[in-house]
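For the record, the sequence lines run as chains A and B.
The first sequence begins at 1 in my numbering and counts up by one.
The second sequence begins at 1 in my numbering and counts up by one.
Keep in mind that the hints were calculated from the coordinates and are not lab data.
All values reported here derive from a predicted model rather than from experimental measurement.
No residue lacks a Cβ here, since even glycine has one placed at the ideal position from N, Cα and C.
Hints should not be assumed to be uniformly reliable.
Calculated cross-link-like contacts (lysine to aspartate or glutamate; reagent style EDC-like; alpha-carbon spacing at most 16 angstroms) [claimed, not checked]: (1) Lys231(A) - Asp54(A); (2) Lys325(A) - Asp221(B); (3) Lys46(A) - Asp214(A); (4) Lys94(B) - Asp176(A); (5) Lys205(A) - Asp176(A); (6) Lys94(B) - Asp221(A); (7) Lys307(A) - Asp214(B); (8) Lys94(A) - Asp32(B).
Taking beta-carbon pairs under 7 angstroms as the criterion, some of the chain A residues facing chain B (in silico) [to be verified]: (9) Pro11; (10) Leu19; (11) Ile26; (12) Glu67; (13) Pro194; (14) Ser316; (15) Val372; (16) Leu373.
Chain B is nowhere near these chain A residues, computed Cβ spacing over 10 angstroms in every case [what the hints assert, rightly or not]: (17) Arg24; (18) Met37; (19) Lys94; (20) Lys205; (21) Leu220; (22) Lys312; (23) Ala367.
2 protein chains.
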Amino acid sequence: MIKPRLFTPGPTDVPPEVLVEMARPIFHHRTDRFKKMFAGVNDGLKKLLMTGNDVLTLAGSGTAGMEAAIACAVGRGGKVLVANGGKFGDRWVKVARVYGLDVDEVALEWGTALQPETVRERLAGGGYAAVVTCHSETSTATACDLKAIGEVVADTDAILIADCITSAGALPLRTDDWHVDIVGAGSQKAFMLPPGLAFVAVSEKAWKRIDAVDAPGFYLDLKAYRKSAAKDDTPYTPPVSLLRGLAVALETIHAIGIETVWARTALLAKATRAAAEALGLKLLSRQPSDSVTGILYPAGVDDGFRKRLQSKYGCSVAGGQEDLKGKLFRISHMGFVDPLDTIGLIAAVEYTLADLGADVQTGAGVAAAVEVLADWC
Amino acid sequence: MIKPRLFTPGPTDVPPEVLVEMARPIFHHRTDRFKKMFAGVNDGLKKLLMTGNDVLTLAGSGTAGMEAAIACAVGRGGKVLVANGGKFGDRWVKVARVYGLDVDEVALEWGTALQPETVRERLAGGGYAAVVTCHSETSTATACDLKAIGEVVADTDAILIADCITSAGALPLRTDDWHVDIVGAGSQKAFMLPPGLAFVAVSEKAWKRIDAVDAPGFYLDLKAYRKSAAKDDTPYTPPVSLLRGLAVALETIHAIGIETVWARTALLAKATRAAAEALGLKLLSRQPSDSVTGILYPAGVDDGFRKRLQSKYGCSVAGGQEDLKGKLFRISHMGFVDPLDTIGLIAAVEYTLADLGADVQTGAGVAAAVEVLADWC
Numbered sequence: 001m002i003k004p005r006l007f008t009p010g011p012t013d014v015p016p017e018v019l020v021e022m023a024r025p026i027f028h029h030r031t032d033r034f035k036k037m038f039a040g041v042n043d044g045l046k047k048l049l050m051t052g053n054d055v056l057t058l059a060g061s062g063t064a065g066m067e068a069a070i071a072c073a074v075g076r077g078g079k080v081l082v083a084n085g086g087k088f089g090d091r092w093v094k095v096a097r098v099y100g101l102d103v104d105e106v107a108l109e110w111g112t113a114l115q116p117e118t119v120r121e122r123l124a125g126g127g128y129a130a131v132v133t134c135h136s137e138t139s140t141a142t143a144c145d146l147k148a149i150g151e152v153v154a155d156t157d158a159i160l161i162a163d164c165i166t167s168a169g170a171l172p173l174r175t176d177d178w179h180v181d182i183v184g185a186g187s188q189k190a191f192m193l194p195p196g197l198a199f200v201a202v203s204e205k206a207w208k209r210i211d212a213v214d215a216p217g218f219y220l221d222l223k224a225y226r227k228s229a230a231k232d233d234t235p236y237t238p239p240v241s242l243l244r245g246l247a248v249a250l251e252t253i254h255a256i257g258i259e260t261v262w263a264r265t266a267l268l269a270k271a272t273r274a275a276a277e278a279l280g281l282k283l284l285s286r287q288p289s290d291s292v293t294g295i296l297y298p299a300g301v302d303d304g305f306r307k308r309l310q311s312k313y314g315c316s317v318a319g320g321q322e323d324l325k326g327k328l329f330r331i332s333h334m335g336f337v338d339p340l341d342t343i344g345l346i347a348a349v350e351y352t353l354a355d356l357g358a359d360v361q362t363g364a365g366v367a368a369a370v371e372v373l374a375d376w377c
Numbered sequence: 001m002i003k004p005r006l007f008t009p010g011p012t013d014v015p016p017e018v019l020v021e022m023a024r025p026i027f028h029h030r031t032d033r034f035k036k037m038f039a040g041v042n043d044g045l046k047k048l049l050m051t052g053n054d055v056l057t058l059a060g061s062g063t064a065g066m067e068a069a070i071a072c073a074v075g076r077g078g079k080v081l082v083a084n085g086g087k088f089g090d091r092w093v094k095v096a097r098v099y100g101l102d103v104d105e106v107a108l109e110w111g112t113a114l115q116p117e118t119v120r121e122r123l124a125g126g127g128y129a130a131v132v133t134c135h136s137e138t139s140t141a142t143a144c145d146l147k148a149i150g151e152v153v154a155d156t157d158a159i160l161i162a163d164c165i166t167s168a169g170a171l172p173l174r175t176d177d178w179h180v181d182i183v184g185a186g187s188q189k190a191f192m193l194p195p196g197l198a199f200v201a202v203s204e205k206a207w208k209r210i211d212a213v214d215a216p217g218f219y220l221d222l223k224a225y226r227k228s229a230a231k232d233d234t235p236y237t238p239p240v241s242l243l244r245g246l247a248v249a250l251e252t253i254h255a256i257g258i259e260t261v262w263a264r265t266a267l268l269a270k271a272t273r274a275a276a277e278a279l280g281l282k283l284l285s286r287q288p289s290d291s292v293t294g295i296l297y298p299a300g301v302d303d304g305f306r307k308r309l310q311s312k313y314g315c316s317v318a319g320g321q322e323d324l325k326g327k328l329f330r331i332s333h334m335g336f337v338d339p340l341d342t343i344g345l346i347a348a349v350e351y352t353l354a355d356l357g358a359d360v361q362t363g364a365g366v367a368a369a370v371e372v373l374a375d376w377c
């Protein structure tokens, strides 16, 4: 018996209660029953993102939500500062260019994050409509100081658009207090759901920009979602079963308390980093995210590691993307994962590295993790 | 005990086998396991649409797929003929206008369909990049002769983009034989799935146009989906659980045989029309679709009918949209619905009309339907 366990930074494991809810018979979306459920979901999303702003739900991947934000808030030729420190930063640069925006790209070494001082310096030039950054850049397992960046941007006419796809519900994120004008998130990360929903929280400052721009598309026009959301409705047919699951997932998260979830996520990340250090393994990131940890392979180990970890021990982790292919593996700490799962995974990582002949002391990582996680118990 | 039954033209009832499949634990999408499943799904979609063309799957509502087709295949200023005979035709006009296309709108009386001769006459002017039409216009329960329109368009440089959201898997649709260059479909209709997936089948002729246009967006760029699909992959995180359900639904459909499914759908529609006639009720459509039947309320009955049908008999049907609000109800014949369901629904319709004091002879509709459906048994 090999029990499958997902430690990939999306999709993450879905709790059985959520799976069962999604298996319940479908019902129609133009009904009071749907409106009631959708209103509850919207309240839960606001609470999770700590915002009084509209939170819009789109049927699509997280990319759809981020594209809607960038394309609706900045008109053709508008100036945007975009942080590019990994695969997703690179994607937002591409999206901004497709829409003909004037892109001022901050090319970051992979594993480093956008610095607030950089934002201050660039914005001093004036004329920026928006700053786009990943809060947590999944590809490099790196998080920026979004609060500090928010403070800088709040003093300007620009809005802050943050890719929070692997931060919302995992890292501390206080949307309103931190002046994050647009938060983009996706269902398959800390929300403990299958992929298929994108969430977009929009501030008053951002709506002013959006209202001044002719939406370049139809399906991704945020104004249509705002208009429907005001009536607890959606402009196009919503994924009803995913929304049912979301209602249960949000209930679970809020029963625990979002700040407790953040603390758990941070502790799992801390334990994983301690284990890596004890095993003599190096992290890629110089500003590691607490939602995902990227560990470089030791000499002599390649991506066959992940195959073996999966086939022999049932644990799925992610590999490197683009230039990092075959150079690291990434472990998620988001959602439905607890200290015991993490200790088990670290043991499996040790076994697998030893199987492959790497020079690691089996048990050292587990011991280090167990020590950190003692705080939890 | 009131058993809930969905007769709405999307979402339609989902078979328990599909619900259970979607409740299975999630797995990661960048794996051989996913690729194998996705390849199987793509084969099943091609077989269902009777095409050798690429069939692309997007995370989104059906609208997302249709928008991707229109926006990717026709560049700004390109001339398109768009049939507008209902809520969805009107939507495709809006989408075409958002992208700055030169829209030649065929304004149809609601309840009538685009005629092949009209297409021939308009296209004779030359210079058209595409013709956009609903195969089945859900809002008016009206179907066009897509085969005849395909023959007309095939003789020109234009491509045919068909909204087959309530026709694919329900009405006869032979994509390749009928020269339908782009078919747009959605998961929550005859595919017997919850909403959340859009399907887009694209011919070689259409790819030539798409390759010559700079995609105006990113998430809805069909070229990205083609590139990934060639490797049994998706460009953005796909809704894995919906795709698992789709695999089971397609297996079910192909075990029955798609032509048998078409025949069943047509027979249910015929029985419903016969029942309406026997009850002295009028259809809205002059060219009724076999996937959905739109019946006008008799004198003295308003949309309270639907509420009562649902609360007292458990049957959900759709109402009218836009100008038709409160004037008709619509019954779906798509997907997981059989003759016995339909007979039961007609009885409930009769009871409800009688409850509301309408002048109908209870039992007459059921008798007429039973007679038509005898062919099936």
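Here is what the structure says about each hint:
| no. | hint | in the structure |
| --- | --- | --- |
| 1 | Lys231(A) - Asp54(A) | 12 angstroms, holds |
| 2 | Lys325(A) - Asp221(B) | 25 angstroms, violated |
| 3 | Lys46(A) - Asp214(A) | 27 angstroms, violated |
| 4 | Lys94(B) - Asp176(A) | 35 angstroms, violated |
| 5 | Lys205(A) - Asp176(A) | 11 angstroms, holds |
| 6 | Lys94(B) - Asp221(A) | 12 angstroms, holds |
| 7 | Lys307(A) - Asp214(B) | 39 angstroms, violated |
| 8 | Lys94(A) - Asp32(B) | 28 angstroms, violated |
| 9 | Pro11 | 5 angstroms, holds |
| 10 | Leu19 | 4 angstroms, holds |
| 11 | Ile26 | 5 angstroms, holds |
| 12 | Glu67 | 5 angstroms, holds |
| 13 | Pro194 | 4 angstroms, holds |
| 14 | Ser316 | 5 angstroms, holds |
| 15 | Val372 | 27 angstroms, violated |
| 16 | Leu373 | 25 angstroms, violated |
| 17 | Arg24 | 7 angstroms, violated |
| 18 | Met37 | 14 angstroms, holds |
| 19 | Lys94 | 6 angstroms, violated |
| 20 | Lys205 | 24 angstroms, holds |
| 21 | Leu220 | 7 angstroms, violated |
| 22 | Lys312 | 16 angstroms, holds |
| 23 | Ala367 | 29 angstroms, holds |
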